[in-house]
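From just these sequences and the hints, can you work out the full model?
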Amino acid sequence: MDSVCSGWPTITSSIRGWAAFRPRSRSCAPRPSIPFAAIDHPRFAQALREARKTVDVLVVMAHGGVELSWMPPPHWSEHLRRLAEQGADLVIGHHPHVVQGIERYGRAVIAYSLGDCYWPRSGGTSDPRRSVGLALDVTFDGPRVESATPRPLGLTQDYCVKVLEADEEAAATDLIERLSRLLVDPDVAARVWNALAVRFFADRHQSRLFGSSPGAVRIRDLARYAAVGLLNLADSVRSRGHPTLRGQQLYLLNLLQNPSHREVCIRGLQALVSPAGSMEERAALDEIDAINREMTALGSVVSQAGPTAG
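One gets our numbering by counting positions in the sequence shown from 1 and adding 250 to each.
Calculated from the structure, these hints are not laboratory results.
Note that the coordinates shown come from a computational prediction; the quantities given were computed from them, not determined experimentally.
Careful: at least some of the hints might be erroneous.
If you anchor each label on the Cβ, the simulated ranges turn out as follows [to be verified]:
#1 ALA540 with ARG354: 22 to 28 Å
#2 GLN507 with ASP408: 33 to 39 Å
#3 MET529 with GLN407: 38 to 44 Å
Beta carbons: idealized from backbone N, C-alpha and C, even for Gly.
If you want it as structure tokens, here you go:
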């Protein structure tokens, strides 16, 4: 689920305090002790405006988007920009596990994803692109973000946070600047995202929806499988292999309910109906391939053992 939470302590004597939004009902939270708010819930917008009146600096942490995507989906960019419009001074995204661009929006700064810092990979799998993460060095002038400087960090294969060598840091900084430039023009961002979503659909969902492998979900059974109501998220985690009917139901329910997954599937299905052919679409695919190569090469170097952060 796309969600938002914050919980920031006082950082200097000149700041009165930073507020956390805690909904009155936590029945939808992963655990009752965790502050949790759906990003599109109308009460959250009101809570954000109220928090704005009581603090000097308002920072929002936002969880959502698509895992391993270095470009935020358009709907997610709109959500985070709306947070800035509602009073957030700094918005920091997480969930993709890879770095994304940074932009100034009005007086606010949005860092769409800082990537991983310490995160043991599940199942023994390792994507080199996850080996580059960020710390964000932020300076405030009153409530305004005066500067927000990314400080690239590395994650080694044995899960130590690594101080980058000068050439690695320069390459990572160039990468962040490149990803940030893609956010400037909405048309360019949309084209790149659409092409990226098609790749995600082909890699993650197409064979499960149309394939003949064990556990595949049949499109013709979509209505029957999806009509299951809200189900326990823990069961979804246990059923990721989708060998059972319930696992297939949970998989489809997640695709249909989660806006980011749903958008990936829509773009992928559109591409099956109308394959890419324009010069702009081919240019977007070339851009994706180039960035993936750059991130993979940098991550492969960074993941090697080196000086660790103290």
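Here is how each hint holds up against the structure:
ALA540 and ARG354 have their C-beta atoms about 25 Å apart, which keeps the hinted 22 to 28 Å range intact. In this structure, GLN507 and ASP408 meet the distance hint of 33 to 39 Å, their C-beta atoms being roughly 37 Å apart. About 40 Å separates the C-beta atoms of MET529 and GLN407, a value consistent with the hinted range of 38 to 44 Å.
Violated hints are absent here; each numbered hint is respected by the structure.
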